[in-house]
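Put chain B on the given structure of chain R with help from the hints.
The chain contents come next:
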Amino acid sequence: AQTVTQSQPEMSVQEAETVTLSCTYDTSESDYYLFWYKQPPSRQMILVIRQEAYKQQNATENRFSVNFQKAAKSFSLKISDSQLGDAAMYFCAYRAFQGAQKLVFGQGTRLTINP
Amino acid sequence: DTGVSQDPRHKITKRGQNVTFRCDPISEHNRLYWYRQTLGQGPEFLTYFQNEAQLEKSRLLSDRFSAERPKGSFSTLEIQRTEQGDSAMYLCASSSTLGVSNRVYEQYFGPGTRLTVT
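So the sequences go chain by chain: R and B. Straight run, no breaks: the first sequence in our numbering ends on number 120. Straight run, no breaks: the second sequence in our numbering ends on number 122.
Only chain R is shown next, with the shape it has when bound in the complex (with noise of 0.2 Å):
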């Protein structure tokens, strides 16, 4: 079975500073699709970025950018000039290419914006 694992339960950065989440995941698929999900104090899921597996590029939407290693089953998010409403639990997502095409999620990890 496909697992997720996000090491970093919270994480925090200065506002207009960097950050990057990390997440691994186990598969042995070779074609799938990874997403990071943001879910705000609201608690509804927002799709912040998605990469597909047999895409070399790296995935980037405007400030939002991933580190996709497919070998090394890594998946990280990078978050450039952070913003107070980017502070939200960061889920990563696995998807299988066939089948249910449900989503596997990791833990989560708590993003905190400091001023």
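Think of the hints as simulated: they come from the structure by calculation, not from any bench. Bear in mind that the values here come from a model prediction, so they are computed numbers and not experimental data. A couple of the hints might just be wrong.
[To be verified] Some chain R residues judged to face chain B by a derived CB distance under 8 Å, without partners named:
#1 50
#2 54
#3 83
#4 96
[What the hints assert, rightly or not] Counterexamples of contact, computed for chain R against chain B with all Cβ distances above 10 Å:
#5 23
#6 24
#7 47
#8 66
#9 70
#10 77
#11 105
#12 106
#13 112
Quick reminder that beta carbons are idealized off the backbone N, C-alpha and C, glycines included.
What follows is chain B alone, placed relative to chain R:
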């Protein structure tokens, strides 16, 4: 389109009672997922529907849990004889595999129903 909606947002019930939650997916989304999230943890998959067919159920979904999606539109999740361990946030998500050129089939989440069993 207002996104995925869930009702109620909060439910407090006594142990042993039955509860039912409703999820309205984004219109025209053919897939609907239920996840459970306990405090401080990531969501865990419970079950999913493609149209009205329930195609997969997690081992987390005991016999006390049942889900339906009549006519492939809204879905309900019922928990019978609730236990304190059922206290959690129940999240619904929907996605579409129809007319989508890429393979991503992004899942959109609702706000969740927080269940507290006393």
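Hints and how they fare:
no.	hint	in the structure
1	50	4 Å, holds
2	54	11 Å, violated
3	83	20 Å, violated
4	96	5 Å, holds
5	23	24 Å, holds
6	24	19 Å, holds
7	47	7 Å, violated
8	66	13 Å, holds
9	70	18 Å, holds
10	77	21 Å, holds
11	105	5 Å, violated
12	106	6 Å, violated
13	112	5 Å, violated
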